[in-house]
Each structure stands twice: as C-alpha cells, then as structure tokens.
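Protein sequence lines correspond, in order, to chains Z and W. The numbering of the first sequence is our numbering, which starts it at 747 and goes up by one. The numbering of the second sequence is our numbering, which starts it at 85 and goes up by one.
Honestly, the hints are just simulated from the structure, not real lab data. In this text, all values refer to a predicted model and were calculated from it rather than measured experimentally. It is possible that some hints are incorrect.
To be verified - If we take Cβ atoms under 10 Å as the criterion, some of the chain W residues that face chain Z in the derived model are:
no. : residue
1   : 122
2   : 146
3   : 156
4   : 172
5   : 178
6   : 181
7   : 192
8   : 198
9   : 199
10  : 215
11  : 382
As the list claims (entries may be wrong) - In silico negatives: residues of chain Z with every beta carbon more than 12 Å from chain W:
no. : residue
12  : 768
13  : 793
14  : 835
15  : 882
16  : 1067
Unchecked claim - Okay, derived cross-link-like pairs now, SDA-like style, lysine to any residue, Cα gap no bigger than 25 Å in a straight line:
no. : chain 1 : residue 1 : chain 2 : residue 2
17  : Z       : 946       : Z       : 861
18  : W       : 254       : W       : 213
19  : Z       : 946       : W       : 154
20  : Z       : 946       : W       : 153
21  : Z       : 946       : W       : 195
22  : Z       : 946       : W       : 170
Don't be surprised by glycine CBs; every beta carbon is placed ideally from N, CA and C.
Here is what each chain is made of, one letter per residue.
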Amino acid sequence: MNAARPGADLAAATPAPGPATRRLMEGSEAIAEAAIAAGCRFFAGYPMTPFTELLEHFARRLPTVGGVCCNAESELEAVGMAWGAAATGARAATGSTGQGLSLMEESLSEITLAELPLVTFLLARGQQDYHQATRGLGHGDTRHVVLAPIDTHEAVAHTRLAFDLADRWRHPVLVYGDYLLAHTREAVAIGPDGPPPPPKPWAVDGSLGGTGRSRIISPLGFGKVGHPSPGIEAHQRAIAAKQAEIAAAEARIEYGGCDDATTVVVAYGTPARFVRAAVAELRDAGHRIGWVRPVTLWPFPAAALAAAVAGARRVACFELSAGQLIDDVRLAVLGAAPVRPIGGISTDGSGFGVGRLLDTEVIAARILAVHRDEDLPPLPDEPGGAP
Amino acid sequence: MTGREPPPAPTPGAPGAGEPGAGPPGARRIGTAVPDLLLTGEHHLCPGCGEPLAVRGLLEAIRHLGLTRRTIAVAGIGCYTSFSMTTDLDLVQALHGRAPSVATGIKRMRPDVIVYTLQGDGDMVNEGLQEVLHTAARGELITCVLLNNGVFGETGGHMTATTVAGQRTKNTLEGRDPARDGHPILIGDLIARLDGAAYVARGSVHHPGAVARTGRMLRRAFETQVAGAGFSFVEVVTMCPTGWFVPTLDGPGYLQETLGTVHVMGELKVDGRIRTTEELRAENTRADAEMRAALARGGIEEP
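The shape of chain Z in the complex, shown without the other chains:
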C-alpha cells in the first residue's frame, strides 16, 4: 500500500494511537471525543438519523470540559450558532445529514466568505451527498475542504486534522461519514489532548469598542470606515485564490496494487474498505487489479489519481449513488481509460443504512466483470441473481 499526499504528512498531524489507550466505542462517540481532544468547545445540532448520536455525545461531554452544546431548534439555527461561536475564536462545529446540510448551505457559503474556521460533520445516509459536499455547500464560488474517513480510526484522525486545517486556512472543513461509520463500534484510541488552538487576533471579544480599531467579521469584504477594505469583488477573488492554494496543498489520496494493475477500482469513505478487501481477494487469486481511495474529496486528488491509474486499461468506480464521484474520476483520468460505474443506489428499508451492494462478494463479482470487459452481474435479488 502506498500513501501519497503532497505537503505535510497526515500521520504527523495526529498522535499515533497506542493499544493501551484503545476503547470500544461507536464512530459518533469517537468523533465527539476526538473533537473535544482537538479543543472543540462548541457544538450545535438538530437530531436526524444517522447524525443524532453525534449530537448526543457532544451534549453529554462538552459541558464536562467547560464547553457548550446547543440543541438548536433547526439546522438553520445550528449553523448560525456555530457561526457566532467560531467568530469568538472558539473551536466550533456543527453537523447533520445531507438533508440538514441542505438547510445550512446559505450560512455555510457565507461562513466561507467570512473566513471562519468551522468544522462540519456530515453523517450522511449513504453516499448520495457527494456533489453537495464537494460543490461548495451552497451558493457562490466557495468550496469546503472535505475529508472522507474510511473507518473509525481515520475518523478520529480526520476530526483532529479538520480543526487544524480550519484554523490554518481560516476556512471551513467538512468531515464526510455515513451510517456505517457513525454506528459501527471499534476499539479506537483518541490520543492525548492537542495543543491549545492558535491565537486568533481577528476574533471578536468586544474589547475594542470605541477605540477606532474595532473589528468586523463579514462575508461581504467590508472593513470599518477608515481601515483598508478590499470591497466585495477583490474579497471574493482573494477567497478564490486561497481556495486554489488549499487545492494545491491539501489533496490526499491512498492507493494499492496499482503498479501492475490493468484494472483500478476507485472508491471513497466506508465503502472503500469493502473495495479494498475485495481487491485483496482478487489479487490473491492472481488478478492484476488495484484500488485508489481519494482521502480528500475536495481538493480532489486528481493528479495523483491520474498517475495511479496511468498503467491501467480500465477504471471502475464504486459508490453508493447513481453516479457522482465518477464525474471527478472521469475529469481526473481525462479519457486515458474508460471509467465504468459499478456501484449504485443501495440502502436498507429505512433509507438510512446499508443496502445489499455493500457486500465484499458482490463487489468482487462486479470488479471481476469490469476486469473481463463483461456486463455487470445482477444483484442477488434482481432477476437472474443468486438467491
């Protein structure tokens, strides 16, 4: 397995977990604990499956460390509260499912323009919110950094990293998980508390009133009268330039078996864990198949992905949606190889959880069909499928 990422090393940003400090906990609890260890002291949210437990853990834990968890009356209010908390310089977070994030989008866009370091947790119902997460979460030319953990261990690392990146860039960061991540229990180490957050001279504390040096935090690019102010056009261009800098510095990817592969499978988030296992089995059986996992969905690791699949004759894309990630994969590959979708919409009866596609055997059969340039086999309960 290779791990490639331009710039800083992901492992260096997070303490290495030691077996002695591991504890069995569900993903939601691990994320909340990691956030608190990273210095998060404010959370606001509104219950919605499968995000609810994250709110529960924050509500239980934040008051014990002198923090605040607000039970917002709607997602609109949750994101507004987090906006205000972030403006005071506190490490603040909010979150929801894709549906809830749709309600938050207006504020999330403006928070980006206001250059506030907010962390948002998207615990989605499946993977149908890829476009929502990666296309800016709202209006305007805004993008959030999007981290897509594969399991609870990485969710802990990503949560801690998210707060660091948010402060480093004064930019929102989204951690994109799902039902499986939120509800799966694993033995996981949170690690020691991180260092105090960096000083934030831009944050408001009320102390500069009447001095002529009072501060303004605005998405509109306005400064106080008598102080330099870029104006809205220059401000938006500056945000775009910063996003270009983030895009160049923060793309992360993981891949394996690509050196000799004639077929490469791309997947992200928890389904990538199943794809990785399916590819390992197929490689054991002698097939020259590799896998690629974008760790950041924005910035999308396009150049590294193109390099990883450069020797392949075909690319397969596994995602639990009608086809969203595949757009970015095709843009990265730029026609060098055909990209075939092998995933699809797949949920349990409630629409929240895991469907029949998330099965290593099913995925392996689909990968093999692409590898042999055959039609995809039917799913177990489709006509012609196995009983």
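We have chain Z; now place chain W onto it with these hints.
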C-alpha cells in the same frame, strides 16, 4: 464608581467638533452631532430615514451604560447594514434573518460580553421569525433590536410581514389587502408571551419625545441583559418615506397615521407584567384625550 461613562467633552478634531451643530461662540452645546460610537457622520441612507435616529439611541444607550468596551454587535441585512462599517464596536455581519442564532453562539462562548442584534422587519419578522422567537423562548441573554418601517426599504419598497392593512407597497399597489395579503404580525406581542423574554418594548422615532422615550427603552433593554434577567427586545418604528412613496417631510406624519396606529408605542413586558398592544392603544388613547382636555383648559400643570 458608578459604571457609567461621563458625557464626552468636545475636543478639537473629534467627531462633531467644529460641525454646524457645535454652534457659534457662547452657544451651549447639549450633544454631539455624531454619536461617539460612530466612526463617521456620513451614511448612505435616504433623506427622512428614521434608522439613523434609532441607531443613535442604541449606541448612546451602550455608551451611557459604560458597555463600550464589552459589546459585540451582530448585524442583519437591510439598509441599516451600512452602519456595520461605521459602528465602532466589534461586529459580526450575519445573514438576512439569522442574527439571533449568531448572537446566541457569541453569547454562549463569551457570557461576559453584551451582545445585541440589529435587524429590520424584513430580516427579523419575515426571513428570521423562527430565529428570534426561539432565541427569546430560550431566554438567551442578548438584546434584539428591530427597526420596523413596514417595508423592504433596501429592495425599494416591498411588503413585509409588518406592513399594515391598506399600506401601499410595490407589490401591494392598491394597499395591503388582508383578504389577499394577510395581516401584519405584532412581533412584540408574540415575544412578550414567551417566558424567556424579560423586557419587551416598542418605540418610535417620529417625534423628539418618541426618540427620547425609545432611548430609555434601549437603556432598559441593555440593563436587563447586564442583570442577566433574560432576553430583551426593543422594536423601533422608523420612517421610510422612500419606501412609502411619500414626500420626505411627510414621513413622521405618515408613520403616526398608519404604522403607528397598529405598531403602538409602549412597553409590552416589564418585570413579568405583560401589556398587549391593544392595552397600550387604549392607554395611549386615554392619555391623548387627557392631554387634549388639559390643553383645552389652558395648559398642563406641573405635577
């Protein structure tokens, strides 16, 4: 130490000094032309706009109570947003309707700081009605200030949730018809009924007495916040002759005859006692009749 700051002495070069309002030699100066907490006397609002009067009252209340160095403002989106750039307080610019939630996040992380929102009727009563009601119900220790002119001034005079019946706007050209356009919301009455709200008042700026009374309401609202007694709310009914399509000088009279008869001035909740707008209207009518009778008798006796 009283905790109150002395009135500012006029100094050369300070805002207001040397301006026409300073008067000729020998004249007694009773106030600055520009409030202390404004960085400039210039603004981009229309002639006859009532919002600068309300903003002056707000900033003077903060100054009077000695809260200058411990206040964070949260501004909504409307004509008054131009004061975001000229108000000399730490300030967070919020979205249309969303200021109470942003103010909540600030106050929860900085309970030692005084936090207020400045919003218009379109911002607070249309777009953000649930925000202000939930914030009041939570008893959030902030002060929300509503500038209510019954119209979307910034877009050029469109109907809001507080537009009164019969009022002409760009999308109710024949006047707001309750049968078609619904009825105005008396936001102060809604808030006063919520247990989390400690002080609720409705002022106006259409004559000097109203301006002075509104200033007292604003001070009382901030005193409520300082005391940690609960959510405080002041609505200020303001003139918008441009958005009302009336001559500039007719603004105050139009306010008195239209919005002022519906959004009636007075304190709606003080120390747990609620008075409805209906009750305020009856009191005002009675007081007005007594005043007229006294004037008819030849004058008002000093108590």
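Just pull the numbers of the violated hints for me, sorted ascending. 11, 14
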